[in-house]
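Novice: Now for the letters of each chain:
Number of protein chains: 2
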Amino acid sequence: MSPKITTELLKQLRQVMKSPRYVQEPVQAYIVPSGDAHQSEYIAPCDCRRAFISGFDGSAGTAIVTEQHAAMWTDGRYFLQAANQMDNNWTLMKMGLKDTPTQEDWLVSVLPEGSKVGVDPFIIPADQWKRMSKVLRSAGHDLVPVKENLIDTIWTDCPQRPCKPLITLDLSYTGVSWREKIVALRSKMAERKVLWFVVTALDEVAWLFNLRGSDVEYNPVFFAYAVIGMNTIRLFIDGDRMMDPAVREHLQLDSALEPEFKIQVMPYGSILTELQAVVAGLLPKEKVWLSDKASYALTEAIPKAYRYLTPYTPICIAKAVKNASETEGMRQAHIKDAVALCELFNWLEKEVVPKGTVTEITAADKAEEFRSQQKDFVELSFATISSTGPNGAIIHYKPVPETNRTLSVNEIYLLDSGAQYKDGTTDVTRTMHFGTPSAYEKECFTYVLKGHIAVSAAIFPNGTKGHLLDSFARSALWDCGLDYLHGTGHGVGSFLNVHEGPCGISYKTFADEPLEAGMIVSDEPGYYEDGSFGIRIENVVLVIPAETKYNFKNRGSLTFEPLTLVPIQTKMIDVSLLTQKECNWVNDYHQKCREVIGAELERQGRLEALQWLIRETEPLIRVQ
Amino acid sequence: MSPKITTELLKQLRQVMKSPRYVQEPVQAYIVPSGDAHQSEYIAPCDCRRAFISGFDGSAGTAIVTEQHAAMWTDGRYFLQAANQMDNNWTLMKMGLKDTPTQEDWLVSVLPEGSKVGVDPFIIPADQWKRMSKVLRSAGHDLVPVKENLIDTIWTDCPQRPCKPLITLDLSYTGVSWREKIVALRSKMAERKVLWFVVTALDEVAWLFNLRGSDVEYNPVFFAYAVIGMNTIRLFIDGDRMMDPAVREHLQLDSALEPEFKIQVMPYGSILTELQAVVAGLLPKEKVWLSDKASYALTEAIPKAYRYLTPYTPICIAKAVKNASETEGMRQAHIKDAVALCELFNWLEKEVVPKGTVTEITAADKAEEFRSQQKDFVELSFATISSTGPNGAIIHYKPVPETNRTLSVNEIYLLDSGAQYKDGTTDVTRTMHFGTPSAYEKECFTYVLKGHIAVSAAIFPNGTKGHLLDSFARSALWDCGLDYLHGTGHGVGSFLNVHEGPCGISYKTFADEPLEAGMIVSDEPGYYEDGSFGIRIENVVLVIPAETKYNFKNRGSLTFEPLTLVPIQTKMIDVSLLTQKECNWVNDYHQKCREVIGAELERQGRLEALQWLIRETEPLIRVQ
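Sequence order for the protein chains is P and R. Per the UniProt record's numbering, the very first residue in the first sequence carries number 1; after that it's consecutive. Per the UniProt record's numbering, the very first residue in the second sequence carries number 1; after that it's consecutive.
Same shape as in the complex, but just chain P (with noise of 0.2 Å):
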């Protein structure tokens, strides 16, 4: 992978910073975020401006450009990529690490006296907005909104938004009607006294309209805003699509509605003149609510007496909390997603060891082949991370021919991967080896298990924050002085964005809400070796009620069940550093995989898969 030569795009850059077509005054400084208008993390073509101005595209990164600097900021998963996809212009922030300064004590320290620092007003969060302000101003500086885009100026091929059909969600799936949901909401408002609700977030908007689509790759959701009032609806989104009449009956356009339910379509790019409308139309004491991670235009729209603003929305957190058809519909999507993984690893097996003619990406394609065969598939839910030997190391890893490697019997395998079924989003992490991986390589595969068990089989009180259990994932790699450099687990949307709030398991402290039944997380501790290999056991698991032997406080416990059923290769264990009680878990899981996956590839008539899982999920022997 070479990096991107960005020494005439930043000349230009600089121009437009200081010219008076763009900016009221120079600006000595211009921050470019990875987010868009709703602060998504996966975003369209036409909002990868951090990646068009540095070459670096990974998923998450700021890039800060000055007069004499351009420096990008990101987090432990990409500093590999980072530093590969960046000529020499770039100086890598490494966030996490000790002496990496924030953007903002690095920009008091770069900055000559009284600069002003600009940024987009649309794609900075409010929150961020603040921080930095804060800071820069106490420095003798200003953060100024730059109202037109400095790299949209420059971007003169950037693609056109995109504005696809929208595909509408029954009942059946979704368990909730958009109606009992706006109900709901409402409710939470009335509680809170606000009279207003600003719906920024992609994925809140689609799950508030039970409505899904295809404007950003891997998360089908649709570019749009709402606005909730006590007795008005109001929906900002472009193009056709609200023509279609399968939408129009889904949202009930043309009938006869009580007006509290009826939807007014307006403009996506009308949102800030219509959220001025209200508030002027606000008396005092009125208040409108809105995430705090909003962007900074819209919350700045509300004066301050106005806003209500909370880290999480009630939309987010009921979303979190998936009912009884979304979670009978995530079992459903895990089910067909590890027939499709049994199917690749038993052609893997065939092709890589006796043939050595798969590389990265033609697996990636084999299992996104063997996962479109299943019913209901809709795309994928993200990259896949297809990666062997040195590769494994780079933990969000996407191969492209530059890098792309062959699978051998020599390497550790690492396939990160996953779909969006109508019914649900799965995301699955399995290593492997096809020939016989050393002592050191089954050493560190072990370690890695014991804390995906460790965090699975974990018991923990009713309204334990996710951060609590993130040492349990660490514990037997910290034992021997290693670690992984990124959280444990992310919320994990149904049939929506496979990273979503408000619970997670990190070391990190923030987008970390109590966890509480019909939640669903990610447990993925790792272990990356740069150069060498990269180790990860990932599932997706519902956190479900537990049963204890005493009640402290009648709290109530909780624990997770795994959705996940593909099997954990054994080849790959230490069976001699497992607990009696690991192994157990190891044998009652695979027994579980044997017998709900090995059920449906029988009824799917793939037999040869069969014969796959029934040898892949023999018991362990554990000696004494």
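Think of the hints as simulated: they come from the structure by calculation, not from any bench.
Not the full set, but computed from the structure, chain P residues with beta-carbon under 8 Å of chain R:
1) Lys98
2) Leu468
3) Asp470
4) Ser471
5) Cys480
6) Leu482
7) Asp483
8) Thr509
9) Thr548
10) Lys549
11) Phe552
12) Ser557
Values in this document were obtained by computation on a predicted structure and should not be read as measured data. We put the beta carbon where it would ideally sit given N, CA and C, even for glycine.
With chain P's structure known, arrange chain R on it following the hints.
Specialist: Leaving out everything else, chain R in the frame of chain P:
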């Protein structure tokens, strides 16, 4: 324990809340925090205003009195105690429980429109002022500073502020001279480009000048502030204690020093006006550093543009990492403390079992007697928690005649105690049974022990924050649906406060700087059953480097070494619930107790206690 009758006092307070003699405008609510002007946890009798107005004298709690209500916020340690000590005028607000409102939210819910909420600006920390003020303002109320403390106006027999002689500590105790500490502080100030540093915490003043006092019971501190400039040192302190020749010599007050080390002594009460004078002389961009927990009064004296606030001061962080002299002193103090406890437990066994005449109070007195026989004993480090049976479930119980129970062969006895020696501070909890514990009591004790060992034996990367270790202490309890409602550990001072920042081990994520070698914390999981018994096992442990098989990213690893060396009662352990590793930990620990404390008992000629120690440290045998 009968509650304090507060009807008349509350009536008087509500009168002064409206009296133009004390308040510019009537206040509809008055906040009585538990701290003093230094945000101390332990306070002098003259500062016990919250206890005076409510009767509740636990170490943590905030009272708020409105025209209609009187409410007390406290945490899980004090729910029972507060409920027992307060009369029906008071509502107990149980912090940490889901449905308990914050003070701000509660105020907003009960106050009439446009209320004023008063507080003493010297008592409320600036960060708390800011948070409360913001919420109150956004609800249309005002937080206002009330110059004269309203409790003091009705507290007719309020004791005088203490002003006791000072102790000077030489290099053999402190390892570093106060001059070197000033030099190090100034270099931190230069790094952050601040010209002045205001020392507001009493233990920080004491540590900086290598002085100790006895103005506050249990904490060897004295009432003082300091303001350190790049070329000046101002110490604000009252009384004739600066006339003491030893103190004058120690601080070199009469020597011909370089001017930048010349200490100017000023009256304690002049801090605000002197600080205002310092601020008046500042040029633009010149900064004054102080803790964000300093009082609102001092913080407000520094205009925002000149203010540099951090959650932890450089003194707080330097103080937490003990040097070789301090560590050696702490070791010696813990050896002496263990000798005293072996004597006590040997004595208790002889007294409790046959005679049945020992009470919680006499046991606590006897513990103090044995401790006071040890070299360099100064005082206790906190009020001894000597509790048997149901009293053990009151987490911060202190026996008083009304509650005093007799130790017996039928109840669990919990003793949490510690002392100040000139070479170190101790804090140890042991839980024991003088008869035959029930299977259930042993089961609970063993879970707590497993948690204690899990933390003590944990290996974790350099730079890990304590909150990431907290769940290790709970995991065995959680597995059975049990838990405890307090943190697992706190920082411990070196002949200073028994609770100190900035590190600790807690599910709460504040007060949590990364752990590093040389820090000293407690490890004290517990289990409490209201009305029945309490169990806690507490050692003070030193953070030390750990040897590991591998060393990921060259970060290095840490673990703990117990400084406390007092046997853990094996009679209370259900060995079948321990793993072999845990069993080995107990045996190794007891072997060390036998070697180190045994030698000292022998040296001191305490042969009966030595026999007790040898019997109590017999190895556990685990049947597979």
